[in-house]
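First to last, the protein sequences are chains A and B. Note that the working numbering has the first sequence beginning at 1, numbered continuously upward. Note that the working numbering has the second sequence beginning at 1, numbered continuously upward.
One or more hints might be untrue.
Claimed, not checked - Have a look at the derived ranges for each label pair, beta carbon to beta carbon:
1) B:61 - A:48: 32 to 42 Å
2) A:24 - B:44: 25 to 35 Å
3) B:43 - A:23: 15 to 25 Å
4) A:27 - B:162: 21 to 31 Å
These are computed hints drawn from the structure, not numbers from a lab. Even for Gly, the Cβ is constructed at its ideal location relative to N, Cα and C.
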Amino acid sequence: MACDRYRLLLPALSDRQLGPLRRFLVSRHATHCTACAAELEELDAMRTALRTRLTYHRAPPGLAARIGSTLPREEASAAVAGPRRIMPAWGFAGSGLAGALAGVALTLVLLGGRPAGRDTALQGVIDSQIRARMADHLTDVLTSDQHTVKPWLSERLPVSPPVPELKDVGFPLVGGREDYVDGHPTAVVVYRHAKHVVNLYAWAAPAMADAGFRTSASQGFNVVSWRAGGIAYYAVSDCEADALMQFARDIAQAAPPDR
Amino acid sequence: MPHLDAAYNLARWLAGNAADAEDVVQEAYLRAFRYFDAWRGGNFRVWLLTIVRNSFMTWVKENRGSRLVFHPDAPTGDTADTEATAWSTPPRDPESLLLERIDSQTLARLMQRLPAEYREVLLLREVEDLSYKEIATVIDVPIGTVMSRLSRARLALRKLWDGAQPAEAANGV
Numbered sequence: 001m002a003c004d005r006y007r008l009l010l011p012a013l014s015d016r017q018l019g020p021l022r023r024f025l026v027s028r029h030a031t032h033c034t035a036c037a038a039e040l041e042e043l044d045a046m047r048t049a050l051r052t053r054l055t056y057h058r059a060p061p062g063l064a065a066r067i068g069s070t071l072p073r074e075e076a077s078a079a080v081a082g083p084r085r086i087m088p089a090w091g092f093a094g095s096g097l098a099g100a101l102a103g104v105a106l107t108l109v110l111l112g113g114r115p116a117g118r119d120t121a122l123q124g125v126i127d128s129q130i131r132a133r134m135a136d137h138l139t140d141v142l143t144s145d146q147h148t149v150k151p152w153l154s155e156r157l158p159v160s161p162p163v164p165e166l167k168d169v170g171f172p173l174v175g176g177r178e179d180y181v182d183g184h185p186t187a188v189v190v191y192r193h194a195k196h197v198v199n200l201y202a203w204a205a206p207a208m209a210d211a212g213f214r215t216s217a218s219q220g221f222n223v224v225s226w227r228a229g230g231i232a233y234y235a236v237s238d239c240e241a242d243a244l245m246q247f248a249r250d251i252a253q254a255a256p257p258d259r
Numbered sequence: 001m002p003h004l005d006a007a008y009n010l011a012r013w014l015a016g017n018a019a020d021a022e023d024v025v026q027e028a029y030l031r032a033f034r035y036f037d038a039w040r041g042g043n044f045r046v047w048l049l050t051i052v053r054n055s056f057m058t059w060v061k062e063n064r065g066s067r068l069v070f071h072p073d074a075p076t077g078d079t080a081d082t083e084a085t086a087w088s089t090p091p092r093d094p095e096s097l098l099l100e101r102i103d104s105q106t107l108a109r110l111m112q113r114l115p116a117e118y119r120e121v122l123l124l125r126e127v128e129d130l131s132y133k134e135i136a137t138v139i140d141v142p143i144g145t146v147m148s149r150l151s152r153a154r155l156a157l158r159k160l161w162d163g164a165q166p167a168e169a170a171n172g173v
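All chains should be modelled from the sequences, with the hints used to inform the complete structure.
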């Protein structure tokens with residue numbers, strides 16, 4: 001091969017885009033040809049300059065939130081409320097792109113595989129969440145002390161959900177309240193996650209078998225529900241779906257396996 | 001948001017300022033969200049950067065009217081000539097070879113003077129570390145075009161750098 005034909009391949013060599021044979025041939029040529037060696041050096045120098053000196057513009061703080069707020073939540077909740085089977089992708093879309101993308105596989109399995117009927121309990125917890133926010137009545141007992149919230153709830157209600165300390169994993173305890181959801185006297189444990197409120201609803205469901213996590217999204221809220229030990233749980237928040245799922249796992253782990 | 005920094009950095013370098021970059025990125029994520037079903041697996045970052053790049057193109061059309069930011073590649077014969085000439089007479093002054101001495105401010109200024117089509121291949125290659133094939137996907141051209149455009153982009157940057165140096169030196173002294 002003539003020198004100028006090797007020279008044409010120098011950028012690809014410098015970019016590490018040559019196959020083994022050509023890489024060998026071109027580098028061997030460059031070790032013998034001073035012009036090509038200099039050319040290669042120059043290419044590498046430019047690479048170094050671009051890689052080390054070119055300003056990397058990180059996304060400004062708040063951009064993620066602004067993007068999140070422009071994503072079409074309405075369509076997502078409509079799809080959840082309506083016949084979900086038609087557009088399974090939208091089912092998780094409501095949970096926000098980040099959550100959706102990060103947890104695609106999991107959520108697809110959870111949602112896509114499980115067509116939901118009309119869920120009055122689901123609607124109930126979301127209504128309760130909205131009511132509480134609107135009335136600014138999040139808690140009856142306002143304390144970050146788990147040993148206050150739990151007895152407070154068990155005094156008033158037939159069930160008392162676990163109230164684990166989750167501050168270290170990003171969910172500080174805010175308090176608790178009692179509510180009435182879908183015909184059930186309901187214990188509500190209130191946590192916070194960054195700027196989001198996370199409500200854990202729990203009511204007695206003694207006749208119901210245990211059930212694994214189910215995720216849904218409606219009216220801008222993510223919901224993870226499950227049943228364990230004769231209690232129906234609903235975790236509801238406008239935080240990201242992934243975070244809420246982690247929260248649900250932490251709660252489920254804290255719950256005694258049998259009661 | 002996955003790959004938000006990568007998306008923003010590309011948009012910021014293409015659009016040239018923060019406000020427009022944010023618009024482009026917002027639009028890109030909205031599109032990504034809408035067409036998520038169309039993602040066929042593979043490298044999600046490449047897919048997303050493709051959308052960022054296309055959003056930028058749309059933005060250019062809508063906001064800069066007829067002002068041509070992206071110009072089509074020069075006719076092949078012409079290009080070959082230019083390239084052959086340029087490659088056969090590369091600057092051999094060792095001082096001018098030391099591009100790595102360039103400071104980030106000067107480099108940024110020179111990059112902004114490059115046509116957007118050159119800027120984007122340099123960014124995708126050196127900052128995002130995409131392969132020729134991935135770059136070809138993002139900017140939707142054959143691999144051969146990626147290679148020739150990268151070469152011309154580097155040549156153009158080198159020329160700007162050589163031209164800038166005397167001024168820098170004069171300012172410095």
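Hints, verified against the model:
For residue 61 (chain B) and residue 48 (chain A), the Cβ-Cβ distance of about 35 Å falls inside the hinted range of 32 to 42 Å, so the restraint holds. Checked against the given bound of 25 to 35 Å, the beta carbons of residue 24 (chain A) and residue 44 (chain B), roughly 34 Å apart, stay inside it. Roughly 23 Å separates the CB atoms of residue 43 (chain B) and residue 23 (chain A), a value that falls within the hinted 15 to 25 Å. Between residue 27 (chain A) and residue 162 (chain B) the beta carbons are some 27 Å apart, a value that agrees with the proposed interval 21 to 31 Å.
Comparing the model with each numbered hint stated earlier shows that all of them hold.
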